[in-house]
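Next come the chains, spelled out residue by residue.
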Amino acid sequence: MTVSTDQNDSALPGSADTDTFRVKIIPFLDRYGILVVIVLMCAVLWALQPDVFLTWRNITNVFKQTAANGMLSIGMFLVILTAGIDLSVGSVLALGMMTLAVSNAAGVPWPIVLVLSPLMGLTAGFVNGVGITKLRMPHPFIMTLGMLFMARGLANLISGGVPYSGLPDPVRFLGAARIYLGEIDGTRLNLPVVFLFTVGVYFIFWIVLEHTVFGRRVYAIGGNPEAARVSGINVDRTLIVVYSICGLMAGVAGLIMAGRTNSGFPNAGTGMELEAIAAVIIGGASFFGGRGQVLGIFGGVLIMGLIRNGLNLNDVSTFWQQILIGMIIVLAVFIDVLRRDLGTRH
Amino acid sequence: MDDRRGDDRQPLLEAKGVSKYFGAVTALRDVDLSLWPGEVLGVVGDNGAGKSTLMKVLSGLHPPSEGKLYFDGQPVQFSSPRDARDLGIEMVYQDLALAGNMNIAENIYLGREPTRKMLGGLISLFDHRSGLRLAKDHLNNLKIHVKSVEQKVEELSGGQRQAVAIARSIAFQARVVIMDEPTAALAIKEVGKVLDLITGLKDRGISVVIISHRMDDIFYVCDRVMALYHGSNFAASDLADTTRGEVIGWIMGTRENTKTLAHDRVN
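Protein sequences appear in the order of chains A and B. Each residue of the first sequence is one higher than the one before, starting from 1 at the first, in this note's numbering. Each residue of the second sequence is one higher than the one before, starting from 347 at the first, in this note's numbering.
Quick caveat, the hints were computed from the structure, so don't treat them as lab data. Given the structure is predicted, the values throughout are model-derived calculations rather than measurements. Glycine is no exception: its CB is placed at the ideal position from the N, C-alpha and C atoms. Don't take each hint at face value.
[What the hints assert, rightly or not] Taking lysine to any residue pairs in the SDA-like style, the calculated list, with each CA pair at most 20 Å apart, reads:
1) B:K402 with A:D341
2) B:K498 with A:D341
3) B:K362 with B:P409
[To be verified] A short list of chain A residues far from chain B (calculated; beta carbon distances all over 12 Å):
4) W56
5) Q65
6) I85
7) S103
8) I158
9) G166
10) I184
11) V208
12) R217
13) I221
14) S317
15) I325
16) V333
Excised from the complex, chain A in its bound form (with noise of 0.2 Å):
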């Protein structure tokens, strides 16, 4: 800590500096410092591959890609911000996906099997926040590791353990789908109908969290559960709804990725909990709950995306992969830790 303490004295000589600086810089670092950071890699990746990363085709493909990490991580957001966790969203997906998956191959027809996926995942996030308020568990990581657990059991057992394969196209539509916008330079420029939906979804979120009364209660409750109580706020019920909604966006992501895979795969979403997480945190939110913004966690899932796609565009092994992303993480909570020391009052 010494680190911030020093900048903080150097960088700023008077009073009156010290407050431009605690007053306009950090803000400004704290809303946009993260469009800063996505610009930077974009830079750089494009000087390291010129010739492929700036294309439409693979700019596209990383929406493609992140879009059911988007869902996962926009849920966990809801979660975080409560200061909780939701170990099972991974499963949750893989549950969604085989319900789908597992149910069109009996002869369902397809417009129940696409609200399956969904609806599949509110459940098992009701359950969830059931478990947490109702049998009132000592923290939410040991009811959602749970369903981590229970989850992908029913996802297998209602599969017997292996792959379906073969959707219907109304079903595939999320999470395949493209429109075609016209054609600059003999390239046909395709837009993915997930990126509308992701940036869709995103919004809702914003609007929910910064301009209804629930949204503003959720992040009171991360701030403060005593005070949120106190105050006549019902936590219980509002957690319930969170985690919630949080398995309802892994059902949705099932249903993007069963759509982009055109199957289904019972050991789906293995670890994409962790990666949902680790984009959350990127993102700005923090552990202890009321914390973030929405902008952010799509800036943080468009970094993992990024991340992932400059290591495959320069041929980097999966392992090194996996290293360079945790040290990213603690890298990001690192920056925030030294922002938020900067932004105290001393």
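Take the given structure of chain A and dock chain B to it, following the hints.
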């Protein structure tokens, strides 16, 4: 006349024969308390004397095991702090119960947020703008000065937080405000401001119950003082008819009025 004011001939809030048991522990035994309209009542007692428990009973956080509560002469039962708040009984907690990550205005309206309807009442959105305006007016009325109501509460000093917590308690038609050690966590220079704020509540006709260990606080703001000892009523008096020495004696469970008693015991 303002019809919110209670009848001066009967207590606004009254507890009769209240006992509270937690398992085998008796926290309160047959305690009476009456709070008159526009009065500031000090509640004193040693640690574990039952002050906080009594306040939690009055504010609806704990239902009494035995005994009854009366408000405006009517018997009342609270199943949650919300019931008490609906009658205008507010509690300011010792740990202040504010959300540090949110701004002053949002804290003042937490749980009772102003909303505005959109699309013909289909969607109800949190009304940031009127929340900020109302919070600003409210703080100005109370002469509480902050840089901006958009400041986060975690950036405030202890005294400013206490002021926000008190402002929050009377933002909605409060008639009784109960405060648990409102000056305990404050820097000395801030104590006076908070005490003046409490006097200001009294001028608005709000009745106040204060728990405090500090005789200075009690003798600065209170009209009357009551002492609990081992969970029971021990003594009570108008402030004009007692002395610091006597009140300190009550806290320690003695009735003789000897000003040097506290020091004698220590030595």
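Violating hint indices (sorted, rising): Of the numbered hints given earlier, those the structure breaks are 1, 11, 12 and 13, listed in rising order.
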